[in-house]
Amino acid sequence: MATPDELLEFLPGSDCGQCGLTCAEFAAALSRGDLAPEDCPVLHEPDFAGFIDALHELLGPPAAPAPAMHLDPDRCNGCGICVAMCEYHLGNCDEARLGRGPRPADRVVFKVVNGAVVVLRQDLCTRLIQAAEKCNKCADHCPTGAITLT
Amino acid sequence: MICTGCGCLCDDLDLTVAEGQLLEVANVCLWGLSRFFPCKRSHPRKERRRILKPLARLNGRPREVSYETALEQAAEILGAARRPLLYGLTNTGSRAQEAALHLARKLRARLEPADLAFTAPYYHSLRKHGLYWAPLEVIRDEADTVLFWGANPLHSCPRHPVRYSVFARGRFTERGVEDRRVAAVDLYRTEVAKFCHLFVQVEPGRELQLLSGIREHLEGAPGPGPAVKGTRKLAGFLSQGDFGVIFFGRGATYNQGFALLDELAGLAARLGEERPFVLFPLSADFNAAGLYQLLFNELGSPEAPDFGHESGLLTTYATADWGEFDAVLVVGADPWWFLPEEQALALQARRVPVVSLSPYANRTTASARVVFPTALAGLEAAEVAYRMDGLPVVLKQVLPAAWPTDREILLDLAKAI
Numbered sequence: 001m002a003t004p005d006e007l008l009e010f011l012p013g014s015d016c017g018q019c020g021l022t023c024a025e026f027a028a029a030l031s032r033g034d035l036a037p038e039d040c041p042v043l044h045e046p047d048f049a050g051f052i053d054a055l056h057e058l059l060g061p062p063a064a065p066a067p068a069m070h071l072d073p074d075r076c077n078g079c080g081i082c083v084a085m086c087e088y089h090l091g092n093c094d095e096a097r098l099g100r101g102p103r104p105a106d107r108v109v110f111k112v113v114n115g116a117v118v119v120l121r122q123d124l125c126t127r128l129i130q131a132a133e134k135c136n137k138c139a140d141h142c143p144t145g146a147i148t149l150t
Numbered sequence: 151m152i153c154t155g156c157g158c159l160c161d162d163l164d165l166t167v168a169e170g171q172l173l174e175v176a177n178v179c180l181w182g183l184s185r186f187f188p189c190k191r192s193h194p195r196k197e198r199r200r201i202l203k204p205l206a207r208l209n210g211r212p213r214e215v216s217y218e219t220a221l222e223q224a225a226e227i228l229g230a231a232r233r234p235l236l237y238g239l240t241n242t243g244s245r246a247q248e249a250a251l252h253l254a255r256k257l258r259a260r261l262e263p264a265d266l267a268f269t270a271p272y273y274h275s276l277r278k279h280g281l282y283w284a285p286l287e288v289i290r291d292e293a294d295t296v297l298f299w300g301a302n303p304l305h306s307c308p309r310h311p312v313r314y315s316v317f318a319r320g321r322f323t324e325r326g327v328e329d330r331r332v333a334a335v336d337l338y339r340t341e342v343a344k345f346c347h348l349f350v351q352v353e354p355g356r357e358l359q360l361l362s363g364i365r366e367h368l369e370g371a372p373g374p375g376p377a378v379k380g381t382r383k384l385a386g387f388l389s390q391g392d393f394g395v396i397f398f399g400r401g402a403t404y405n406q407g408f409a410l411l412d413e414l415a416g417l418a419a420r421l422g423e424e425r426p427f428v429l430f431p432l433s434a435d436f437n438a439a440g441l442y443q444l445l446f447n448e449l450g451s452p453e454a455p456d457f458g459h460e461s462g463l464l465t466t467y468a469t470a471d472w473g474e475f476d477a478v479l480v481v482g483a484d485p486w487w488f489l490p491e492e493q494a495l496a497l498q499a500r501r502v503p504v505v506s507l508s509p510y511a512n513r514t515t516a517s518a519r520v521v522f523p524t525a526l527a528g529l530e531a532a533e534v535a536y537r538m539d540g541l542p543v544v545l546k547q548v549l550p551a552a553w554p555t556d557r558e559i560l561l562d563l564a565k566a567i
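Protein sequences, first through last, are from chains A and B. So for the first sequence, our numbering puts the first residue at 1; every next one is plus one. So for the second sequence, our numbering puts the first residue at 151; every next one is plus one.
With the rest of the complex left out, here is chain B:
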């Protein structure tokens, strides 16, 4: 059984099911548990409420309606919009993503992946530097130098260190962590420090200086000014080993994302001249890789497509300004969770209608005008997902579903508009 908790897509889960009820899941981490039981991520005792019936707002209050009525209202909202936004899709299956792209084309909408701010700097720098790439199994078998930059895998994908990056025993890393050297760079000391041989705590805003200092040390010409603490040690760490990998997380893209990823990619490219060196985004959403794979295949670029542009199609790495849209369709994401409050209030003040597809109640469904309950991909619906390194994995249906899948709803919406 495959876990859809994060981009690792762990394939060694054992489910205990009795009379259509899920009783127990073995080998699942706390993060993935929320995909199987109605609880919050990493908080198993905090329950989440399942949405049982489609909801539509009547006189400002959400009311249970039939699927057909909800479909009619959603089609009316999206069909009448002059500038619609289709947001999310990183936490839904590839078949649903295909249907979403088809709908975005039909609506002449802007399609924005939920983690665009995280992956856009990476793809931008990838295009510029052209980097070495390796699947997770090759990293497990060969990587002896592992650096986490702004990433805490124990929170974003807890089993990643044990399955692929740190403790896993592979073909040429038979002793696991003893055959690897592990380092981390972060603004705060995290749990990762427990198993790192080197942990560098860098002050906010000094990451670029740290990276350029490492480059200078590697070139053998350190600058005259005072270096950021840890520069020399990190340069020494990275210059050794036969196969290296830098895993970066969201911490690397919060501020100065494009500049920092450009420097990180430049460093990986420089190190890659001597030995294989991979720069790898640690994606927490289970099918983010699938969405970018689809955009690559269909549009030739991992950038966010805008089908409403006067040229017919504009692709961009820039995140959208929510102020320009007059209708929003959210699939496989909860943008209201991290949207700045003033933006959320501005959307509310402009009465921008939101249509949300979600199995559970969340902040977005609370603000939505129409809500469709959906089946969980990989548990209640068969789907396809791409692991964080681009490996396609078939997800099976295990439990009977009382709700339609994301794909079915998106296709019905496309028909109804």
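If we strip away everything but chain A, and leave its shape as in the complex, we get:
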């Protein structure tokens, strides 16, 4: 993760105020994750082509989303209902859609390991990737109440 001074190198440095901030303040907001490089209007001009990509490279990948799914291993009995009901698995994992367990190479949100569900790729969860807050299928169908979504 780059420092605000390093980020400032790739900003116009003219303090034009079009974004409502000075360039130094914009760099600090970028490093905090409050703003994105695209929020600077001047960087979209042809003279600054490639600066947005460079800033993205300096900032690194976006931070992982905060955990939105809590599993209680003491309550889970590994029935796999959540794996079969998951909205992401429905379209992307044939095995889970048919009620079987996913294969090791399958990209899945969660699977049953040693008798309890474990989250493998929470970033694939429909709630997060499509901001579909209404998808509660795994928690709604869990007969033991082992899944809590926040």
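Rather than coming from a laboratory, the hints here were simulated on the basis of the structure. Treat the hints with care, as some may be off.
Going by beta-carbon spacing under 7 Å, a handful of chain B positions derived as facing chain A [claimed, not checked]:
{"hint": "1", "residue": "162"}
{"hint": "2", "residue": "164"}
{"hint": "3", "residue": "168"}
{"hint": "4", "residue": "180"}
{"hint": "5", "residue": "194"}
{"hint": "6", "residue": "319"}
{"hint": "7", "residue": "341"}
For every residue, glycine included, the Cβ atom is placed at its ideal position computed from N, Cα and C.
Keeping the supplied structure of chain A fixed, place chain B upon it in accordance with the hints.
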């Protein structure tokens, strides 16, 4: 890899093994986990102790002995018995069951499946009513009306709802649970209620009244007296749909088992006149179906055979009275877990010798005079098992075994006697 946790015999498990040690099992439920790791069923943190060497009691205390010594002592006990009992076999492979039947013939013993009290009323009613039958895949593809009677599949076979009966998406049930109507009848409200469209909690002793009320409603002539709560709703539920199935569990056979199963089978037969309707026992033991298949093939009846009868062979649905036996051989079961305490004490008082074959220490091995440690079928030993709907499945050996299989011990015993 196939799971031998329950009668579902799930075939989609992935095992991670390193240097002969099992590290991880994917897609296994909590019930099946106890077949792979030394823990109790549904209690992964409660460890079970593996029996490492054959044990024989000397001066009342169990001592480690050689396999040959244990075999000699067991053969002596069983060979000298006038009325031996061979008990269990529902949690062992079909090859071992064949060897057990051979041994029972040789010993002129009574052979009793561990779940006879559960399945006997079913087979009895099946013979009387003659019912429609379908494998689990057909139920998954076609059943749109599912009723659980005295059954909690989440405890006896946890993946059954997701693989076959409720959530599975099949040929004509492409939306899974949304294409099905699910109901349950039980004495207590269980977790099953979470996904049931209709849950009927019936008072103990009123199940027969509930069933006869449903029959009356279906015939269009409800009786004049007050009906059991839920009768009308259940009758309406069962009268709809194109393909139905009633899964019954042990709860249906605890009291009035034969009468209740007779009524349930009569109801399924009545519903089956209009559309396919299956009555299906939810067996928790992984190879109970294999044992009844063997008894059907060899003896022509699923009843428990008694080779010690004066006629040479008597088959019966009645469970045995343990008071009449003078030696017991237990394979693939732990009868001391549920045997009434007075019966267990009576066996102890009469000094009835018990020979037990088990991979893990349990209550039966604690009371046994001779104990043989065995390899786990489907993990440490290749075997054959029958899924709860009668489909034979080949179990492979994955890990090296330090112990003989049930079949090897039973064949050695037959030779030694």
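Supplied contact hint for residue 164 of chain B, tested at 7 Å Cβ to chain A: Cβ of residue 164 of chain B sits 6 Å from chain A, so the hint holds.
Chain A contact restraint for residue 194 of chain B - C-beta distance below 7 Å: Since chain A brings a Cβ to about 6 Å from residue 194 of chain B, closer than 7 Å, the hint holds.
Proposed interface contact between residue 341 of chain B and chain A, which counts if any beta carbon pair is under 7 Å: holds (4 Å)
Closest C-beta approach of residue 162 of chain B to chain A relative to 7 Å, hint status: holds (4 Å)
Hint status (Cβ of residue 180 of chain B to nearest Cβ of chain A, threshold 7 Å): holds (4 Å)
Hinted contact residue 168 of chain B with chain A - closest CB pair below 7 Å: With a closest approach of 15 Å, the residue 168 of chain B hint is violated.
When the least beta-carbon distance from residue 319 of chain B to chain A is tested against 7 Å, hint result: Cβ of residue 319 of chain B sits 6 Å from chain A, so the hint holds.
The structure does not agree with numbered hint 3 stated previously, though it agrees with all others.
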